[in-house]
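Line order of the protein sequences matches chains A and B. Going by the UniProt record's numbering, the first sequence opens with residue 1, and the numbers climb by one from there. Going by the UniProt record's numbering, the second sequence opens with residue 1, and the numbers climb by one from there.
Quick caveat, the hints were computed from the structure, so don't treat them as lab data. The structure presented is a predicted model; accordingly, all values stated were derived computationally and were not measured. Watch out, some of these pointers could steer you wrong.
Said to hold, decoys possible - Heads up, simulated EDC-like pairs for lysine to aspartate or glutamate below, C-alpha to C-alpha not over 20 Å straight-line:
| no. | chain 1 | residue 1 | chain 2 | residue 2 |
| --- | --- | --- | --- | --- |
| 1 | B | LYS283 | A | GLU135 |
| 2 | B | LYS181 | B | ASP213 |
| 3 | A | LYS283 | B | GLU135 |
Take a look at the letters that make up each chain.
Number of protein chains: 2
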Amino acid sequence: MASKEAEVITDIAAMRNWSRSSKYQQQSPTPKTLALVPTMGFLHAGHLSLVRRARSLADLVAVSIYVNPGQFSPTEDLSTYPSDLAGDLRKLADAGGVDAVFCPRNLYDYVGGGKVRRGDDGGEERGAVSCVEGEHETWIRVEGLEKGLCGRSRPVFFRGVATVVAKLFNIVEPDFALFGKKDYQQWRVICRMVRDLNFSVEIIGSEIVREVDGLAMSSRNVHLSPEEREKALSINKSLSKAKFAAENGQETCQRMKLLIIQSITEAGGRIDYAEIVEQETLKPVEVITSPVVICVAAWFGNVRLIDNMEINI
Amino acid sequence: MASKEAEVITDIAAMRNWSRSSKYQQQSPTPKTLALVPTMGFLHAGHLSLVRRARSLADLVAVSIYVNPGQFSPTEDLSTYPSDLAGDLRKLADAGGVDAVFCPRNLYDYVGGGKVRRGDDGGEERGAVSCVEGEHETWIRVEGLEKGLCGRSRPVFFRGVATVVAKLFNIVEPDFALFGKKDYQQWRVICRMVRDLNFSVEIIGSEIVREVDGLAMSSRNVHLSPEEREKALSINKSLSKAKFAAENGQETCQRMKLLIIQSITEAGGRIDYAEIVEQETLKPVEVITSPVVICVAAWFGNVRLIDNMEINI
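Bound conformation, chain A alone (with noise of 0.2 Å):
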């Protein structure tokens, strides 16, 4: 498949417009699919696998990147979050192309002044607060989905994600959206905010990638010294040997998780959480009788890292 230059629209306007006028066309019968990869930018080879799913589904392929402060607490990694706009679009471009490339540049941003802070600055009077300043003040929170596993650390990350999501698919107006079971917690949220607030767009969630030596692709990953990314794969080992044994009969979780928290821990990771959840409540579980997920957070010097695995038994 020959290559083709997307369209890169930094526009809101511009890009439903896009949207909009490339889904319905006078010559056409009938409206072309559209298909949405939301993404941070600084892409990598899952992030690519999304988007070769997105050009099988679809006939129209767009990819958001954006950092989105809202789903960032004042505490957190904004400041140093990866990002190379340039070398996105080329990585697009190899693997085929997509249509469009929507780069945005502050989604929060309603009357000119709208202020992103990038670093814990002390003084905040508002309760849970993300990085977003200014007049914004609408959430979507998905209630229950959102408490748990990443939600306990990070109290703002979910409705941040819900809330982008939804104005991406409000802007973008896709009828489908991709994203990767890395980032687990964050499907199951999507797809309920999906179903409760009746968005006509339908979720993919696509297979976690891997790195050759088993390390869940990361954006993050970039900031591992050689040494912590070899200490990090204690992730996934730990996770295969948990999936291992659960197929094998073993039933008690909290025997698995133990081995999981101790070989990270001896690996030098500190442990987040690692929990065996029901894989569409997320709900804890004590005996595995049904599907589940194992989902780990863990950090590595300054790195936070999550993986997960399902066991479909």
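Fit chain B to the supplied structure of chain A, relying on the hints for placement.
For chain B alone, kept in the frame of chain A given last:
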């Protein structure tokens, strides 16, 4: 204009399909525009004025009729909220007709088991609760505007309104949506939600329609006894007096609010609130130096009424 038979639609997919196929027609070079008038039914002249305004704005008009359990708490009047679908359809036809009427059965039932609780049955584990039971867990919060005025005594009201309006927007896909300014805070909440979530819907706020004696039209007026109805005129009278005073140099809000409270209380009403606030932010003001709105909520018997008047000085 000849009245026409509206298409009455109860199914979500059928509603979206009607909207898309009506807007995008092969023979038409540009899509038709669609205006939505969201209502809870039991239509009165206020609703019909929104319908007329909608017809002047758009090629197609849809009215939704749905008593939204998401905006009622279990202690409120969901079970006694008046309804008369046959009468509503007749009124719409008599008023010149609309293109579609959307009357969904239960917008929160995703798995066939979604229940609605119509009264307070005591035990409730969650925090702020509405009359929605079951699997729904996504709520839109307009965190600033939802708090004051009606938000104080009705803590789940605006999240319920914002959420159901988002659902209706995603199902009906209108270009315009019309709201009465009688529900002033609701109108402002919806405007803010639309801006913050990038809905491509233009929101129109329409002036309050009053009975000849000045009472603001409301579906709940039907529950007033003749005596209560007479007493309720004190709302409009005291608002008019306060507006007159403000327009003639009275700037001190404290005194104006006291006069309103006194006048309604003396008439036999029970004040929920009387506030003078900025028109866009709904923040209370002490002295009137820019456009404000006086907002009142008061009980007459078991009926809670709201009303307001803008002062544009």
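Going through the hints against the structure:
The hinted pair formed by B/LYS283 and A/GLU135 meets the criterion: a straight-line CA distance of about 14 Å does not exceed 20 Å. A threshold of 20 Å between alpha carbons decides the hint, and for B/LYS181 with B/ASP213 the separation of about 19 Å falls inside it, so the pair holds. Annotation: proposed proximity of A/LYS283 to B/GLU135 holds, straight-line Cα distance about 14 Å (limit 20 Å).
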